[in-house]
Each structure stands twice: as C-alpha cells, then as structure tokens.
Amino acid sequence: MMASLKDLFDYQKFAGNSRLEAMIKDTESRYGSKLSIDDLELVSAAGTPEQIQQQKEMLKNKKDHV
Amino acid sequence: MKNTQTYEEVYRVYYPKVMGYMHSKISSSYEAEDLASTVFIKIFEKFETFDQSKASISTWIYTVTRNTVIDYFRVRKVHEEIGEEDIVEDDTYQGILDAESLEELADALEKLPQRERDIIILHYYSGMQLKEIAPKMNMSYSNCKLVHNKALMRLRQYMTFD
Numbered sequence: 001m002m003a004s005l006k007d008l009f010d011y012q013k014f015a016g017n018s019r020l021e022a023m024i025k026d027t028e029s030r031y032g033s034k035l036s037i038d039d040l041e042l043v044s045a046a047g048t049p050e051q052i053q054q055q056k057e058m059l060k061n062k063k064d065h066v
Numbered sequence: 001m002k003n004t005q006t007y008e009e010v011y012r013v014y015y016p017k018v019m020g021y022m023h024s025k026i027s028s029s030y031e032a033e034d035l036a037s038t039v040f041i042k043i044f045e046k047f048e049t050f051d052q053s054k055a056s057i058s059t060w061i062y063t064v065t066r067n068t069v070i071d072y073f074r075v076r077k078v079h080e081e082i083g084e085e086d087i088v089e090d091d092t093y094q095g096i097l098d099a100e101s102l103e104e105l106a107d108a109l110e111k112l113p114q115r116e117r118d119i120i121i122l123h124y125y126s127g128m129q130l131k132e133i134a135p136k137m138n139m140s141y142s143n144c145k146l147v148h149n150k151a152l153m154r155l156r157q158y159m160t161f162d
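Each protein sequence line maps, in turn, to chains A and B. All residue numbers in the first sequence are consecutive under my numbering, ending with 66. All residue numbers in the second sequence are consecutive under my numbering, ending with 162.
Isolated chain A (complex conformation) (with noise of 0.2 Å):
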C-alpha cells in the first residue's frame, strides 16, 4: 500500500488533479515543502528575503548567459 501511495502522489505532480492540489497548497502553506538545492544555497547565504531574491535573479541572468 505505501508504495501505491508514493506512485499516487508521483502521478499528481504530473497529472495535477485541481482537488488533490488544493489540499497540498493548504498543508505547504502551513508546515512548508522540502527545500531544494538551489534554495539551501540561497539559505545558508543567511540572507534577507529580499538579498535571497536579488540572488536568485543574478544566478537566473548568469544561467541565461551561458
């Protein structure tokens, strides 16, 4: 059953049912979603949201360069 569970939800992130979204929004806006790579670097720049968003642009600017 849990590996039904975790196929279920993988297939959401693809499928994207409005119900099921509208539940994930609600939970993650309470208790937050895991962190990604690219914004753990940002979080232990020990930034302001504000820097944190300038840091995000810059990196976007390079990325778009190369």
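Bear in mind the hints are in silico, worked out from the structure with no lab data behind them. Hints may contain errors.
What the hints assert, rightly or not - With a cut-off of at most 25 Å between alpha-carbon atoms, the simulated DMTMM-like pairs for lysine to aspartate or glutamate come out as follows:
| hint | chain 1 | residue 1 | chain 2 | residue 2 |
| --- | --- | --- | --- | --- |
| 1 | B | K17 | A | D26 |
| 2 | B | K136 | B | E116 |
| 3 | A | K13 | B | E110 |
| 4 | B | K136 | A | D26 |
| 5 | B | K46 | B | D71 |
| 6 | B | K111 | A | E21 |
| 7 | B | K46 | B | E8 |
| 8 | B | K54 | B | E9 |
| 9 | B | K42 | A | D7 |
| 10 | B | K54 | B | E104 |
Fit chain B to the supplied structure of chain A, relying on the hints for placement.
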C-alpha cells in the same frame, strides 16, 4: 485503436504537465527544460505506433517522463535526490494510475482528520521523513508514527489498492 490525437495537440496539452513534473524533481530550470525536450523526442519517435487501447496517452507520457527522470539521476549517480526504490524502470502503472485514481485519493484524503491528512501529504508528496514532520507539527516522533499508521489504516478502508 490507434492514436487519434495529433502530435501538436499532445504537445500543447502535455508539455505543461511534463514541465510541472520536471520542476518537482529537478532544481535546475535549464536541465528541466532539456529533459522535457528529451521526453517529447521519445514520444514523437513512438507516436505513430502508440495504441490507445493498451494504455491511456496520459499514463504513457507520464511513464516516459518518469523514466527519463530516473535515467537522468542514474547517469549522474545522484540517488539521494530520488529514492533507491524509485530506480526501477517499468510500465506497470498502465491502467492503475489515471485521473480516476487521483479522484479516489482526493475523496479519501478529504475524509481524514486534518492532522492525518497533513502527515500523509508531507510524507508521500513532499518527501519529508516522519522525523522531519514531527517537530514541524509539534509532535513527538513516536506520536507522529502512530498518527501516520492510523491515517494509513483509514486510507485502506476508503480506497481500493491492488
């Protein structure tokens, strides 16, 4: 029954879904787009021979997408980003994973008490360990395990699993 949709229609409908899935698995936007392109090249190659009587097009594209992500991590040997149990390429989902099964899951989750639903979503969707979830929800780890087990028991009652 052969495929009745055109490749352009399929691309228009499924590209956002494929990209959504890629972004949920891969942090680099550039690589996510690159992999999405790989998915559609694979789909294009087999599009003419795809038989809708054997599997829905949605399930087929999901399977190709998922397997492309598995290959990506396999090549880079970054198995931390995707569970070892996920490194199994197969297409056994055909006929099991569909819009109806997600509706059934939504029905079942709506019947759960909020705390149980939160644990199920954080663990199975967000990929958090119960040890990570417990402090977020101001619970002890053992209580979190207990609530998780209760939630699974209820879901077994509400849903049909193969």
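Does D7 (chain A) lie within 25 Å of K42 (chain B) when you go C-alpha to C-alpha? With Cα atoms ~22 Å apart, K42 (chain B) and D7 (chain A) stay inside 25 Å; holds.
25 Å limit on alpha-carbon distance, applied to hinted pair K17 (chain B) and D26 (chain A): holds, 21 Å
Checking one constraint from the list: CA of K46 (chain B) to CA of D71 (chain B), max 25 Å. Satisfied? holds, 18 Å
Holds or violated: are the alpha carbons of K54 (chain B) and E104 (chain B) at most 25 Å from each other? Holds, at about 22 Å.
Going straight from one Cα to the other, do K136 (chain B) and D26 (chain A) come out at no more than 25 Å? Holds - the C-alpha atoms of D26 (chain A) and K136 (chain B) are around 15 Å apart, at most 25 Å.
Does the alpha-carbon distance linking K111 (chain B) and E21 (chain A) stay inside the 25 Å limit? Satisfied, since the Cα-Cα distance of roughly 16 Å is no more than 25 Å.
Regarding the pair K13 (chain A) and E110 (chain B), is the alpha-carbon distance no greater than 25 Å? Between K13 (chain A) and E110 (chain B) the Cα gap is close to 19 Å, so the pair holds against 25 Å.
Holds or violated: K136 (chain B) to E116 (chain B), with C-alpha atoms at most 25 Å apart: holds, 14 Å
Decide if the proposed pair is consistent with the structure: K46 (chain B) and E8 (chain B), CA atoms, cutoff 25 Å inclusive. This hinted pair holds, its Cα atoms lying about 14 Å apart.
For the pair supplied as a hint, K54 (chain B) and E9 (chain B), is the alpha-carbon distance within the 25 Å limit? Distance ~20 Å between K54 (chain B) and E9 (chain B) Cα, so the pair holds.
The structure fails none of the hints (numbered hints given earlier).
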